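2 protein chains.
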Amino acid sequence: MLIELSEDGGRPIFINLASSILREIERGRLKPGDALPGTRVLAKSLKLHRNTVDAAYQELTMQGWLVAEPSRGTFVAHDLPEFKRASDTVPVRPQQPAAEINTTTRSSLHLSDGTPDARIMPHADLARAFRRALGAPAFLASAGYGDPRGNLALRRALASYLTDERGLVTSSNDVLVTRGSQMALFLAAGAVVEPGQMIAVEEPGYPLAWASFRAAGARVIGVPVDAQGLDVDHLAGLARREPSLKAVYLTPHHQYPTTVTLGAGRRLKLLELARRHGLAIIEDDYDQEYRFEGRPVLPIAARAEADLSTVYVGSLSKLLAPGIRIGYAVAKPAILRRMASQREAIDRQGDLPLEQALADLIDDGTLRRHARKARRIYQARRDRLAEELTREFGQAVSFTLPAGGLALWLRLDPAVSAEAWAERAAAAGLMVMPGVHFTLDAARAPEAFRIGYASLDEASLRRAVDQLARTRMPATTQARSR
Amino acid sequence: MLIELSEDGGRPIFINLASSILREIERGRLKPGDALPGTRVLAKSLKLHRNTVDAAYQELTMQGWLVAEPSRGTFVAHDLPEFKRASDTVPVRPQQPAAEINTTTRSSLHLSDGTPDARIMPHADLARAFRRALGAPAFLASAGYGDPRGNLALRRALASYLTDERGLVTSSNDVLVTRGSQMALFLAAGAVVEPGQMIAVEEPGYPLAWASFRAAGARVIGVPVDAQGLDVDHLAGLARREPSLKAVYLTPHHQYPTTVTLGAGRRLKLLELARRHGLAIIEDDYDQEYRFEGRPVLPIAARAEADLSTVYVGSLSKLLAPGIRIGYAVAKPAILRRMASQREAIDRQGDLPLEQALADLIDDGTLRRHARKARRIYQARRDRLAEELTREFGQAVSFTLPAGGLALWLRLDPAVSAEAWAERAAAAGLMVMPGVHFTLDAARAPEAFRIGYASLDEASLRRAVDQLARTRMPATTQARSR
Chain A
1 MLIELSEDGG
11 RPIFINLASS
21 ILREIERGRL
31 KPGDALPGTR
41 VLAKSLKLHR
51 NTVDAAYQEL
61 TMQGWLVAEP
71 SRGTFVAHDL
81 PEFKRASDTV
91 PVRPQQPAAE
101 INTTTRSSLH
111 LSDGTPDARI
121 MPHADLARAF
131 RRALGAPAFL
141 ASAGYGDPRG
151 NLALRRALAS
161 YLTDERGLVT
171 SSNDVLVTRG
181 SQMALFLAAG
191 AVVEPGQMIA
201 VEEPGYPLAW
211 ASFRAAGARV
221 IGVPVDAQGL
231 DVDHLAGLAR
241 REPSLKAVYL
251 TPHHQYPTTV
261 TLGAGRRLKL
271 LELARRHGLA
281 IIEDDYDQEY
291 RFEGRPVLPI
301 AARAEADLST
311 VYVGSLSKLL
321 APGIRIGYAV
331 AKPAILRRMA
341 SQREAIDRQG
351 DLPLEQALAD
361 LIDDGTLRRH
371 ARKARRIYQA
381 RRDRLAEELT
391 REFGQAVSFT
401 LPAGGLALWL
411 RLDPAVSAEA
421 WAERAAAAGL
431 MVMPGVHFTL
441 DAARAPEAFR
451 IGYASLDEAS
461 LRRAVDQLAR
471 TRMPATTQAR
481 SR
Chain B
1 MLIELSEDGG
11 RPIFINLASS
21 ILREIERGRL
31 KPGDALPGTR
41 VLAKSLKLHR
51 NTVDAAYQEL
61 TMQGWLVAEP
71 SRGTFVAHDL
81 PEFKRASDTV
91 PVRPQQPAAE
101 INTTTRSSLH
111 LSDGTPDARI
121 MPHADLARAF
131 RRALGAPAFL
141 ASAGYGDPRG
151 NLALRRALAS
161 YLTDERGLVT
171 SSNDVLVTRG
181 SQMALFLAAG
191 AVVEPGQMIA
201 VEEPGYPLAW
211 ASFRAAGARV
221 IGVPVDAQGL
231 DVDHLAGLAR
241 REPSLKAVYL
251 TPHHQYPTTV
261 TLGAGRRLKL
271 LELARRHGLA
281 IIEDDYDQEY
291 RFEGRPVLPI
301 AARAEADLST
311 VYVGSLSKLL
321 APGIRIGYAV
331 AKPAILRRMA
341 SQREAIDRQG
351 DLPLEQALAD
361 LIDDGTLRRH
371 ARKARRIYQA
381 RRDRLAEELT
391 REFGQAVSFT
401 LPAGGLALWL
411 RLDPAVSAEA
421 WAERAAAAGL
431 MVMPGVHFTL
441 DAARAPEAFR
451 IGYASLDEAS
461 LRRAVDQLAR
471 TRMPATTQAR
481 SR
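Going line by line, the protein sequences match chains A and B.
This note's numbering puts the first sequence at residues 1 to 482.
This note's numbering puts the second sequence at residues 1 to 482.
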């Protein structure tokens with residue numbers, strides 16, 4: 001069989017399959033006019049649901065790579081125009097809105113897992129700051145390499161931002177600038193656990209964090225999450241039983257993916273537990289800026305005493321755009337030094353002009369102004385999504401309006417398969433991430449969707465909810481009529 | 001003792017020490033007016049040469065952090081102006097010309113290990129392309145994340161650039177865009193060796209490559225280098241004896257640090273050896289653009305048959321500026337997939353607008369034009385450096401005019417300690433990297449300097465050679481008078 005499935009675990013299977021097919025076309029092994037295998041045949045040979053193969057074919061058909069001819073089958077398009085090849089037409093992350101890049105798929109929509117809207121970021125300010133940084137004497141004279149901890153101006157700007165906004169009393173020496181929070185997580189794991197030791201993580205939780213920990217040699221073990229966030233008692237049991245458990249990773253502000261905020265009692269218990277068992281706390285505070293109701297809850301790291309090992313991880317990507325890759329970690333010197341030394345080995349240093357440009361945007365207040373503006377817009381989108389969901393589904397689904405953040409956690413009737421619904425929605429052009437994406441074990445997958453609302457305007461959100469309704473599975477109806 | 005030495009292995013000890021002292025000042029543990037320990041006392045307590053402590057104190061004195069009061073000692077300066085703190089005044093890489101950033105040290109000079117001159121890069125073009133990329137529909141709509149292999153436009157641009165310029169017949173599917181070549185080396189090691197297996201490297205060679213391999217879990221073993229480059233017969237012996245040897249890393253175009261080009265016969269032998277023992281070849285072609293005499297020698301990867309595992313690594317940082325971090329790797333799909341998957345775990349993806357901007361600069365010819373201009377300028381600087389060295393030192397040193405690249409390898413009389421000379425030069429304000437920086441074992445350190453000439457204009461090169469002459473050790477005189 002010519003078509004193989006690439007093994008990337010983090011994205012929907014139909015996207016992987018579509019990528020594999022596209023690769024064959026790009027390499028010329030599938031030529032214009034060639035017939036693709038029937039969906040039934042391909043599904044069988046790849047051990048997939050036929051729906052999945054259908055979804056991949058439809059995605060590529062919408063993008064113009066394939067042509068479906070009723071009752072004859074699916075073929076590689078004859079007129080593959082060069083301009084289509086010149087842009088990345090197959091989304092490689094589930095959240096990527098190929099829809100809006102490629103005019104042939106204008107009707108399809110992607111519900112991200114919670115990404116900001118790149119359209120509202122301060123483009124002109126960033127472009128200007130970047131130009132200024134490229135022309136600055138410090139850059140022109142930088143014949144050598146920079147500090148693996150990042151540009152000092154940016155570390156200072158972040159330190160004062162974090163002190164003012166988040167109660168983290170910190171200095172530039174406690175800050176490591178990374179590419180995005182992904183790298184900060186990888187480095188954190190390498191600094192606080194030895195290969196083979198264990199990091200406890202929220203489940204459901206954030207799979208890319210798990211991937212980063214595993215890449216650092218750690219083992220990952222799940223701890224359940226409920227309406228108060230991480231189940232700290234469960235973690236306590238684990239810590240007693242597992243001497244190799246050395247760290248816990250969590251997203252206390254708005255738990256990923258369920259959006260709940262870790263309760264105050266649990267925070268105190270967690271600190272106590274960490275102290276008793278010598279656990280390091282890796283706190284991923286990826287969307288601290290986005291709190292709509294009340295004040296943001298201060299980070300755990302802001303309350304941890306000096307005897308605890310905390311690595312506080314944040315990101316400017318959630319504030320600006322996912323393609324602007326600046327994250328950071330705050331930790332005490334012994335940990336930060338290990339992280340910086342590993343960072344130098346894997347990546348030497350960051351992009352100087354980009355780091356300098358972002359330092360300028362923090363220092364001159366642009367970033368704070370943008371955060372205020374984004375907060376207003378995203379709150380309105382959250383409210384609109386909630387209205388639409390209530391209007392469309394009533395009691396058939398449930399959710400708690402998130403107090404902040406960029407996504408909503410939509411719980412389905414337990415009799416409904418979120419995964420099957422998502423596949424059906426995808427085939428109809430709507431990408432949405434079901435609970436199975438967020439668990440270590442598919443058997444524990446909650447029947448739920450994580451729906452990012454920040455990156456879509458209100459009209460698109462309405463269209464998305466409509467699509468979701470149209471692709472509702474028969475089981476939903478059953479469940480409702482019980 | 002308040003002052004501790006930070007452990008960073010890659011840079012001169014006096015720089016580490018200066019950084020440690022600065023950290024104490026920044027933290028407020030050393031206050032304006034405080035006396036520093038005497039150099040003899042501190043040297044003893046830290047087990048350093050007194051010269052090293054002297055050099056650190058002098059560096060900080062030149063930068064205005066410390067004040068030396070004759071016969072009283074050294075003190076933290078009283079008037080530490082805030083503006084000095086606002087820029088990174090202590091160079092954290094030996095090559096960083098703090099001299100030109102900080103006006104108080106205008107008299108000091110840094111000879112890099114071979115970095116380009118950021119002043120001549122096409123700033124305006126890059127700034128424009130970046131602004132364009134930030135406003136492009138593809139970026140505005142990028143609510144999600146991108147391909148961990150890098151922006152498709154950049155992968156296509158690099159593939160066609162490498163095909164045209166370097167005879168690597170390659171497509172976008174064979175290219176992985178990384179942050180800089182550092183990340184490409186780390187990912188390459190992870191893809192071609194298992195933890196605990198061995199990678200053979202040139203010695204003298206490139207220590208940051210070794211650091212990246214070790215970070216990936218590999219062991220590193222040195223292979224000598226002579227006037228023809230890597231000693232392939234020595235490697236053959238190793239390969240026969242060491243079953244865990246799985247890869248060889250080399251810089252065949254201009255060997256780092258000695259600048260010699262690997263001979264044609266050795267290239268063929270190496271390919272044969274790699275085939276026989278199943279060795280992967282990691283080829284670091286960091287300065288392919290810079291060949292002054294004759295045509296560039298084509299990469300080994302361009303001649304390797306499909307049955308060999310090669311990872312070809314390159315960088316745009318050497319073409320533009322060290323602070324612009326774009327590198328890439330070319331490998332066959334099985335290897336590239338492993339690298340991309342690891343990249344996603346440690347760093348998710350690159351900066352979209354920067355990648356798009358560089359794609360544009362390749363596509364519209366800006367990068368090629370810049371390479372031609374830079375080649376002319378750097379060749380003139382190489383020639384000027386060679387003249388100055390000959391004029392100043394005559395037979396006391398020797399070098400082979402490098403056929404290309406950004407640095408010259410200056411061999412000293414074996415009776416002269418390059419390290420001691422470098423420390424003395426540093427104390428007088430001239431940074432230069434002695435052979436000990438490039439060996440796995442200090443006992444094998446060649447008495448030589450690697451002198452980057454590209455980042456300094458001709459007047460500065462002359463000044464640097466003058467400084468070098470003024471700090472010549474007595475041993476040099478001895479050696480010459482023998």
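It cannot be assumed that every hint is accurate.
Since copy identity is lost for identical chains, a pair holds within one copy or between any two.
[Claimed, not checked] Under the rule of at most 20 Å between Cα atoms (straight-line distance), these lysine to aspartate or glutamate pairs were calculated in the DMTMM-like manner: (1) K44 x D413; (2) K47 x D466; (3) K373 x D307; (4) K47 x E388; (5) K31 x E242; (6) K31 x E388; (7) K47 x D34; (8) K332 x D164; (9) K373 x D466; (10) K373 x E26; (11) K332 x E26; (12) K332 x D363; (13) K332 x E24; (14) K47 x E4; (15) K31 x D125; (16) K31 x D441; (17) K373 x E4; (18) K332 x D457; (19) K31 x E272; (20) K269 x E419; (21) K44 x D233; (22) K373 x E272.
These are computed hints drawn from the structure, not numbers from a lab.
A quick note: this is a predicted structure, and the numbers were derived from the prediction, not measured.
Going down the list of hints, with the structure as the test:
{"no.": "1", "hint": "K44 x D413", "verdict": "neither (30 Å within a copy, 72 Å between copies)"}
{"no.": "2", "hint": "K47 x D466", "verdict": "neither (31 Å within a copy, 72 Å between copies)"}
{"no.": "3", "hint": "K373 x D307", "verdict": "neither (38 Å within a copy, 56 Å between copies)"}
{"no.": "4", "hint": "K47 x E388", "verdict": "neither (37 Å within a copy, 70 Å between copies)"}
{"no.": "5", "hint": "K31 x E242", "verdict": "neither (55 Å within a copy, 46 Å between copies)"}
{"no.": "6", "hint": "K31 x E388", "verdict": "neither (44 Å within a copy, 61 Å between copies)"}
{"no.": "7", "hint": "K47 x D34", "verdict": "neither (23 Å within a copy, 73 Å between copies)"}
{"no.": "8", "hint": "K332 x D164", "verdict": "within (19 Å within a copy, 49 Å between copies)"}
{"no.": "9", "hint": "K373 x D466", "verdict": "neither (28 Å within a copy, 57 Å between copies)"}
{"no.": "10", "hint": "K373 x E26", "verdict": "neither (42 Å within a copy, 35 Å between copies)"}
{"no.": "11", "hint": "K332 x E26", "verdict": "between (49 Å within a copy, 15 Å between copies)"}
{"no.": "12", "hint": "K332 x D363", "verdict": "neither (24 Å within a copy, 45 Å between copies)"}
{"no.": "13", "hint": "K332 x E24", "verdict": "between (49 Å within a copy, 15 Å between copies)"}
{"no.": "14", "hint": "K47 x E4", "verdict": "within (11 Å within a copy, 60 Å between copies)"}
{"no.": "15", "hint": "K31 x D125", "verdict": "neither (45 Å within a copy, 38 Å between copies)"}
{"no.": "16", "hint": "K31 x D441", "verdict": "neither (39 Å within a copy, 55 Å between copies)"}
{"no.": "17", "hint": "K373 x E4", "verdict": "neither (46 Å within a copy, 46 Å between copies)"}
{"no.": "18", "hint": "K332 x D457", "verdict": "neither (41 Å within a copy, 41 Å between copies)"}
{"no.": "19", "hint": "K31 x E272", "verdict": "neither (63 Å within a copy, 36 Å between copies)"}
{"no.": "20", "hint": "K269 x E419", "verdict": "neither (35 Å within a copy, 55 Å between copies)"}
{"no.": "21", "hint": "K44 x D233", "verdict": "neither (45 Å within a copy, 52 Å between copies)"}
{"no.": "22", "hint": "K373 x E272", "verdict": "neither (38 Å within a copy, 62 Å between copies)"}
When each numbered hint is compared with the structure, violations occur for hints 1, 2, 3, 4, 5, 6, 7, 9, 10, 12, 15, 16, 17, 18, 19, 20, 21 and 22.
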